[in-house]
Amino acid sequence: MEASQQRVLSVLGVWYILYTHITIAFRAMLCASRRRAAERRRRFLKLISDTRHNFLLLRQRRRRQVLALLNQRRQPTVWAFSRASAFWDVTMPNFTPSDWIAHFRMSEETFSYLCSKLRPAMQKRNTNFRACVPLRKRVAIALWKLATNSEYRSIGLLFGVSTTSVCRCVQDFCKAVCKILLAEVIAFPTLQKLQEMADYFETRWGIPQCVGAIDGSHIPIIAPQGFHTDYFNRKGWHSIILQGIVDGRGMFWNVYAGQPGSLHDARVLRLSAFWDLVAHGQLHPTSTKNIEGVNVGFYVLGDSAYPLQNWLLKPFSDNGRLTAEQQMYNRKTSRARVVVENAFGRLKGRWRCLLKRNDSDVELLKYMVLTCCVLHNICESHGEEYVECDAPADEPVVANMQEVAEEGSDVREALMRHFNR
Numbered sequence: 001m002e003a004s005q006q007r008v009l010s011v012l013g014v015w016y017i018l019y020t021h022i023t024i025a026f027r028a029m030l031c032a033s034r035r036r037a038a039e040r041r042r043r044f045l046k047l048i049s050d051t052r053h054n055f056l057l058l059r060q061r062r063r064r065q066v067l068a069l070l071n072q073r074r075q076p077t078v079w080a081f082s083r084a085s086a087f088w089d090v091t092m093p094n095f096t097p098s099d100w101i102a103h104f105r106m107s108e109e110t111f112s113y114l115c116s117k118l119r120p121a122m123q124k125r126n127t128n129f130r131a132c133v134p135l136r137k138r139v140a141i142a143l144w145k146l147a148t149n150s151e152y153r154s155i156g157l158l159f160g161v162s163t164t165s166v167c168r169c170v171q172d173f174c175k176a177v178c179k180i181l182l183a184e185v186i187a188f189p190t191l192q193k194l195q196e197m198a199d200y201f202e203t204r205w206g207i208p209q210c211v212g213a214i215d216g217s218h219i220p221i222i223a224p225q226g227f228h229t230d231y232f233n234r235k236g237w238h239s240i241i242l243q244g245i246v247d248g249r250g251m252f253w254n255v256y257a258g259q260p261g262s263l264h265d266a267r268v269l270r271l272s273a274f275w276d277l278v279a280h281g282q283l284h285p286t287s288t289k290n291i292e293g294v295n296v297g298f299y300v301l302g303d304s305a306y307p308l309q310n311w312l313l314k315p316f317s318d319n320g321r322l323t324a325e326q327q328m329y330n331r332k333t334s335r336a337r338v339v340v341e342n343a344f345g346r347l348k349g350r351w352r353c354l355l356k357r358n359d360s361d362v363e364l365l366k367y368m369v370l371t372c373c374v375l376h377n378i379c380e381s382h383g384e385e386y387v388e389c390d391a392p393a394d395e396p397v398v399a400n401m402q403e404v405a406e407e408g409s410d411v412r413e414a415l416m417r418h419f420n421r
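Sequential numbering of the sequence shown, starting at 1, is according to UniProt numbering.
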C-alpha cells in the first residue's frame, strides 16, 4: 500500500515538474512573441511617422519654391504690339481737299471743328504701358466706318489699330455726338425759326404755313436672334426705321430711330416724341394764317401713310376719281414733300452704313443713325460738297387703317382752294 502511494506520488511529482517546465516555456514563448509584435508595431508606427514627416518637409519645400517663384521679379513683356499705320502717318497728311470729301465726307476744316467739339468726351490719356490712340485718329476711324460701312477688321488694318480699338472708337464717337451735338444740331425750332421755315416753303413752292416734310426710311440690319420677325419689313428684309422731319433746305430738325422695320409709318409716328410735342402745342397752333377763310397753323407734309391732322397734311387718296383741284393740290404738295426724300438720299449717300446692311448690334445702330443725321446737318450747314450718287428712295408706304381719328380736312380743303385760285 505504501509502495503504491509512493509510486503515485512519484508520478504526480514528475507530472508537476513537467507541467511547470512546460508552463514556464510557454510563457517565455508568449512573452517573446509579444515582444516581437510590439517591435513590429513600433517599427510600423515609426515608418508612418517618418513618411509623414518627409511628406511635410517636401510640401514645405515645394511651398517655399512656389513662393519664391511668385515673389521673383518677372521681366516685363510686350502686350501692345506695334502695327503698321502708313495710311495715317504717310498718306493722310498728303490728302487734297477732294480726298477729304471722298473719304471722310467733309473738309479738313469741318473735321477739325468736329474734333474740337468732341474733345471733352473723347480725349484719352497715355498710360505707363502704351500710348492712346490720338483724338483725330479716333474720329477719323469712326467717320471711315460710317462713310464706308467697311468691316472693323479692315479698318483696323488700314489705320494700324486692333479690331477692338476700332469698335471702341466707333462706339465712343457715336455716343459723344449724341451726347454733345444732337440737341444742338437737331433742335426743335423756336417760333421765330418756324416762321422762317414757313416763309422759305412759301417762297420756294408757294405753300403757306408749311414748316417741314416727314417721312420714314428703313435701315438694313442683321436680324437680332430673339426678335427677328419684328424687324422683318414689308420689302422682305430686316431693318430698323428712321423717321425724319426736314425743313425746306433738307436739314433735319426732328429725328426718331430704332423701331422695328415691321411697324407702319403711322405707328412709328404715334410712338415718337414728336407726336407728344405737337399734342402739347410745340408747333404753336395759335400762330395761324387765314387761308380761304380757315385759320391754318404750322404743319408738316407727309405721304398717304400718315393720318390726316391739322398739323400733318397728306395728299388726297388717288381712287381714280380725283377732281382737277385735288390733283393740283397733290402735285403742289408732292413737289415740296420731295425735299425729305432728297434729304434721305443725301444722308445715305454720304453715310453708307445706313445704305448697306450694318453688322453692328441694334442698340449701337440707333446711335449710329442719329450720329449720321447730326453729321448730315453739319455737312449741309458747312456747305460740304456732295459727291456720291443719291441712295434710292424707299418705296411708298401703302396707307392703312389709322390708329387715330383723322382731322384737318378743312385745312387741306382751304389749301386746295388756295392753290387753284
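Note that these hints are calculated values from the structure, not bench results.
Among the hints, a few may not be true.
Restraint ranges, calculated between C-beta atoms of paired labels, are given here [to be verified]:
1. M328 x K193: 36 to 44 Å
2. N342 x W237: 46 to 54 Å
3. G226 x N342: 46 to 54 Å
4. K289 x H228: 42 to 50 Å
5. Q5 x F44: 27 to 35 Å
6. Y113 x T91: 17 to 25 Å
7. M328 x N295: 54 to 62 Å
8. E407 x V387: 41 to 49 Å
9. G226 x Y113: 23 to 31 Å
10. T91 x K193: 28 to 36 Å
Ideal Cβ positions, reconstructed from N, Cα and C, are used throughout, including at glycine.
Status of the hints after comparison with the structure:
{"no.": "1", "hint": "M328 x K193: 36 to 44 Å", "in the structure": "violated (29 Å)"}
{"no.": "2", "hint": "N342 x W237: 46 to 54 Å", "in the structure": "violated (23 Å)"}
{"no.": "3", "hint": "G226 x N342: 46 to 54 Å", "in the structure": "violated (36 Å)"}
{"no.": "4", "hint": "K289 x H228: 42 to 50 Å", "in the structure": "holds (48 Å)"}
{"no.": "5", "hint": "Q5 x F44: 27 to 35 Å", "in the structure": "violated (57 Å)"}
{"no.": "6", "hint": "Y113 x T91: 17 to 25 Å", "in the structure": "holds (22 Å)"}
{"no.": "7", "hint": "M328 x N295: 54 to 62 Å", "in the structure": "violated (22 Å)"}
{"no.": "8", "hint": "E407 x V387: 41 to 49 Å", "in the structure": "holds (44 Å)"}
{"no.": "9", "hint": "G226 x Y113: 23 to 31 Å", "in the structure": "violated (41 Å)"}
{"no.": "10", "hint": "T91 x K193: 28 to 36 Å", "in the structure": "violated (42 Å)"}
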